[in-house]
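Enquirer: Note that the protein sequences, when read in sequence, are chains A and B. Position 227 of the first sequence, counted from 1, bears residue number 227 in the numbering used here, the numbering being contiguous throughout. If you want the numbering used here, it's the 1-based position in the second sequence plus 386.
No lab work stands behind these hints, which were simulated from the structure alone. Keep in mind the model is a prediction, meaning the values are calculated, not measured. Ideal Cβ positions, reconstructed from N, Cα and C, are used throughout, including at glycine. Check each hint, because a few of them may be wrong.
Stated by the list, open to error - The following residues of chain A were derived to be distant from chain B, with all beta-carbon distances above 12 Å:
1) GLU97
2) ASP112
3) PRO122
4) ASN127
5) VAL140
6) PHE146
7) ALA149
8) GLU150
9) MET159
10) ASN181
11) GLY197
12) LEU200
13) GLN210
14) VAL284
15) ASP368
16) PHE380
As the list claims (entries may be wrong) - DMTMM-like mimics (lysine to aspartate or glutamate), calculated; alpha carbons at most 25 Å apart, straight line:
17) A:LYS328 to B:GLU442
18) A:LYS208 to B:ASP453
19) A:LYS208 to B:GLU572
20) A:LYS133 to B:ASP511
21) B:LYS437 to A:ASP340
22) A:LYS336 to B:ASP555
23) A:LYS43 to B:GLU457
24) A:LYS219 to A:ASP85
25) A:LYS208 to B:GLU411
26) A:LYS208 to B:GLU442
27) B:LYS437 to A:ASP256
Read off the chains here:
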Amino acid sequence: MAVSAKLEYRKKLLDDAVRFKKMERVPHISNFALWPVVAYGAKLSEACRDWDLMEQVYRWFMDEFQFDCSGMIGGFFCNPPKMLDRIGEGYNVFDDEAGTVSLEDFELLQPDEYDELVNDLPGLVWNKLLPRKFANWGNVTVGDLFAAAEEFARFGGFMEHMAQVCVDEYELPSQAGHMINMPGIEILYNNLRGIKGTSLDIRRIPDKVQMVVDHYNMKPEAVYNIFMDSPTTDTYAFGTSIGSLAHNFLSIDQWDRYIWPYISGIIDAAVKADTTVHIFTQGVISRFYDYFKDIPKGHVAIHVEQTDVFDFRENLPNICVIGGMTTKLLGSGSAKQCVDYAKFLCDELGRDGGFILSQEKMMSYLRDAKPENVKAVCDFAQEYRL
Amino acid sequence: MANFEELKTAMGDLDEVLVLQILGEVAADGGDSATEALAACQAGMDIVGEKYESGEYFVADLIFAGDLMAEAAALLKPLLADTETISLGKLVLATVKGDIHDIGKNIVKALIEAAGIEVFDLGVDVGAEAIVGCLQESGAQVLALSGVLTFAVESMTEIVAAVKAAGFDDVKVIVGGAPVTAEYCEIIGADAWSINAAEGAGICRDWLSA
Numbered sequence: 001m002a003v004s005a006k007l008e009y010r011k012k013l014l015d016d017a018v019r020f021k022k023m024e025r026v027p028h029i030s031n032f033a034l035w036p037v038v039a040y041g042a043k044l045s046e047a048c049r050d051w052d053l054m055e056q057v058y059r060w061f062m063d064e065f066q067f068d069c070s071g072m073i074g075g076f077f078c079n080p081p082k083m084l085d086r087i088g089e090g091y092n093v094f095d096d097e098a099g100t101v102s103l104e105d106f107e108l109l110q111p112d113e114y115d116e117l118v119n120d121l122p123g124l125v126w127n128k129l130l131p132r133k134f135a136n137w138g139n140v141t142v143g144d145l146f147a148a149a150e151e152f153a154r155f156g157g158f159m160e161h162m163a164q165v166c167v168d169e170y171e172l173p174s175q176a177g178h179m180i181n182m183p184g185i186e187i188l189y190n191n192l193r194g195i196k197g198t199s200l201d202i203r204r205i206p207d208k209v210q211m212v213v214d215h216y217n218m219k220p221e222a223v224y225n226i227f228m229d230s231p232t233t234d235t236y237a238f239g240t241s242i243g244s245l246a247h248n249f250l251s252i253d254q255w256d257r258y259i260w261p262y263i264s265g266i267i268d269a270a271v272k273a274d275t276t277v278h279i280f281t282q283g284v285i286s287r288f289y290d291y292f293k294d295i296p297k298g299h300v301a302i303h304v305e306q307t308d309v310f311d312f313r314e315n316l317p318n319i320c321v322i323g324g325m326t327t328k329l330l331g332s333g334s335a336k337q338c339v340d341y342a343k344f345l346c347d348e349l350g351r352d353g354g355f356i357l358s359q360e361k362m363m364s365y366l367r368d369a370k371p372e373n374v375k376a377v378c379d380f381a382q383e384y385r386l
Numbered sequence: 387m388a389n390f391e392e393l394k395t396a397m398g399d400l401d402e403v404l405v406l407q408i409l410g411e412v413a414a415d416g417g418d419s420a421t422e423a424l425a426a427c428q429a430g431m432d433i434v435g436e437k438y439e440s441g442e443y444f445v446a447d448l449i450f451a452g453d454l455m456a457e458a459a460a461l462l463k464p465l466l467a468d469t470e471t472i473s474l475g476k477l478v479l480a481t482v483k484g485d486i487h488d489i490g491k492n493i494v495k496a497l498i499e500a501a502g503i504e505v506f507d508l509g510v511d512v513g514a515e516a517i518v519g520c521l522q523e524s525g526a527q528v529l530a531l532s533g534v535l536t537f538a539v540e541s542m543t544e545i546v547a548a549v550k551a552a553g554f555d556d557v558k559v560i561v562g563g564a565p566v567t568a569e570y571c572e573i574i575g576a577d578a579w580s581i582n583a584a585e586g587a588g589i590c591r592d593w594l595s596a
């Protein structure tokens, strides 16, 4: 597939950053989730149900703010409520006055159902998980199911359409090339047992947790084969991308058991395939520096949130760090203060590669950033030469 | 006679089976030693806090510890005479208006209760009016506010202003959660802040012990 010179340029900037090569300028990735909707002036409850409105938001955001990768722009699509309205999904809590949507902690899977999860997923989903997840499930008709499926297909089509718009019209590489399963423990924390449920299970039924983790985690050989099956990714910035939330809850021993073997396997496969891995880490990752110290330079980029980027660089000079721009400055500072700090970050961290500018947290609330500050930093990043 | 040193250690080790076994023995003995058992569980929670501070335990362990302590308290409560449940003090706890995150709040609650403090948990998305009302009714000496969202800081500021305006100048206020910093603590008008549940519980205990 032929891609534009500008997209190629952006891809190269991002790849050079991960591989610690000299860069013409520091690339800039967006870590914006719900902020664009509220900054545009739309109501979250409406935008999340109206793909035309969401496309307006999407286009406004990309017209106003130039980044080098579509990154987290799609973050606000993770819960397509329109699809779920007919069958009664109740976990999303919209507050249009505050401009927020929250997800209540839930226990979709019960502790005694781990075996079913591994051995009879269709039966478990149909007979137990769907009735629990959807309040109206008992009254759902075949017509409702078709309507939900159709809406889900529209959602998929919309996502595909916007991905193409990003590439064709805005010349933005997407974030992840190859799809790799998210760590099994993340599936439990994020999708099935919730934060409390998974935390209790790790103590009460650790072997069952391990069984599910092993079931979902891909083997390093399989990951390597995925990398090698289609080594050229025309429109993607990184070889693959994975997220990590669970490390914010786990002790070192639990990380050792449930997370690190999988992440290290993915990294090993990426090194062997000479590709790159993007790891998005919510919260703080500094407790786990030691695990990344021996990774060969030039293959891994870690997007940090509340981890200090300078401390990260000092401890992990072999890993490209993504982040740095603080919510405090973007939300409360002046445009000049924001640009001054962005320049400081680029000068201190980006001269020899290994740094990609981004926001220190997922931008979800209007007060996370003033639009004029975001624009000032975006313009600066596009223009500033190292 | 139950071995309370063993109970304390079991609680510190988060050994649920052994904790429940020993508490079962306490109940089987007629519950006369329920007060000692509760004290042993609370001492065990201190060990949990120490292990958290040292890095051996982390958040998932605190969540489990809170659940285990709640189990223990539920077993012991019917065995304790009213006079034996007198607390170190009273504390009002809430996740502030506009925020529904409750994991951190619930961890703090478990640790504070384990420290022998009576907690009035108002839940999530709680505004100034409900908090002022609860302070009036409960006579609590401490107010603990939790929040994860960025704008929780603004809600905290409004609540603390309302609490002061209602005349609760002697009520100590602690704020906690991801967006809270020393600078924000000052802006909010709180007396202390923490993003560490064990540390926050310790501050509350120190205030009420003074």
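Enquirer: Indicate, hint by hint, whether the structure satisfies it.
Expert: Here's how the hints hold up against the structure:
The Cβ of A:GLU97 sits about 9 Å from the closest Cβ of chain B, inside the 12 Å cut-off, so the non-interface label is violated. With a minimum CB-CB distance of about 16 Å to chain B, A:ASP112 clears the 12 Å threshold, and the non-interface call stands. In this structure A:PRO122 is separated from chain B by more than 12 Å, as the shortest Cβ-Cβ distance comes to about 30 Å. Separation of A:ASN127 from chain B is adequate, the least Cβ-Cβ distance of about 28 Å exceeding the 12 Å criterion.
Every CB of chain B is more than 12 Å from the CB of A:VAL140 (nearest about 27 Å), matching its label as outside the interface. The beta carbon of A:PHE146 sits about 33 Å from the closest Cβ of chain B, which is more than 12 Å, so the claim that it is off the interface holds. Residue-level check passed: A:ALA149 sits 30 Å from the nearest beta carbon of chain B, beyond 12 Å. Every CB of chain B lies more than 12 Å from the CB of A:GLU150, the least distance being 31 Å, so the non-interface label holds.
Distance to chain B confirms A:MET159 as a non-interface residue, since its nearest Cβ pair spans about 26 Å, more than 12 Å. Its beta-carbon lying about 22 Å from the closest one in chain B, A:ASN181 satisfies the requirement of being farther than 12 Å from that chain. Not every C-beta of chain B lies more than 12 Å from that of A:GLY197, the closest at about 9 Å, which undercuts listing it as non-interface. Under the 12 Å C-beta cut-off, the non-interface status given to A:LEU200 relative to chain B is violated; the minimum distance is some 6 Å.
Remark: the non-interface label on A:GLN210 is consistent with the geometry, its nearest Cβ contact in chain B lying 14 Å away (cut-off 12 Å). A:VAL284, annotated as away from the interface, has a beta carbon of chain B within 12 Å; the closest lies near 10 Å. Residue-level check failed: A:ASP368 sits 6 Å from the nearest beta carbon of chain B, not beyond 12 Å. Look at A:PHE380: its CB is around 23 Å from the nearest CB on chain B, clear of 12 Å, so calling it non-interface holds up.
Between the alpha carbons of A:LYS328 and B:GLU442 the distance comes to roughly 32 Å, so the proposed pair goes past 25 Å and is violated. Using a Cα cut-off of 25 Å, the hinted pair A:LYS208 and B:ASP453 holds, with the two alpha carbons roughly 19 Å apart. Pair hint A:LYS208 plus B:GLU572 does not hold up; C-alpha atoms about 46 Å apart against a cutoff of 25 Å. Distance hint between A:LYS133 and B:ASP511 is fulfilled; the C-alpha atoms sit about 23 Å from each other, no more than 25 Å.
Only pairs whose Cα atoms come within 25 Å are accepted, and B:LYS437 paired with A:ASP340 is rejected, the gap being roughly 42 Å. Straight-line distance between C-alpha atoms of A:LYS336 and B:ASP555 comes to about 40 Å, which puts the hinted pair past the 25 Å bound. The straight-line distance between the Cα atoms of A:LYS43 and B:GLU457 is roughly 43 Å, outside the 25 Å bound, and the hint therefore fails. Taken as a hint, the A:LYS219 and A:ASP85 pair is broken in the structure, with Cα atoms around 37 Å apart against an allowance of 25 Å.
A C-alpha spacing of about 30 Å is found between A:LYS208 and B:GLU411, which places the hinted pair above 25 Å, so the restraint is violated. Between the alpha carbons of A:LYS208 and B:GLU442 the distance comes to roughly 22 Å, so the proposed pair stays at or under 25 Å and holds. Only pairs whose Cα atoms come within 25 Å are accepted, and B:LYS437 paired with A:ASP256 is accepted, the gap being roughly 18 Å.
In this structure, the hints that do not hold are numbers 1, 11, 12, 14, 15, 17, 19, 21, 22, 23, 24, 25, in rising order.
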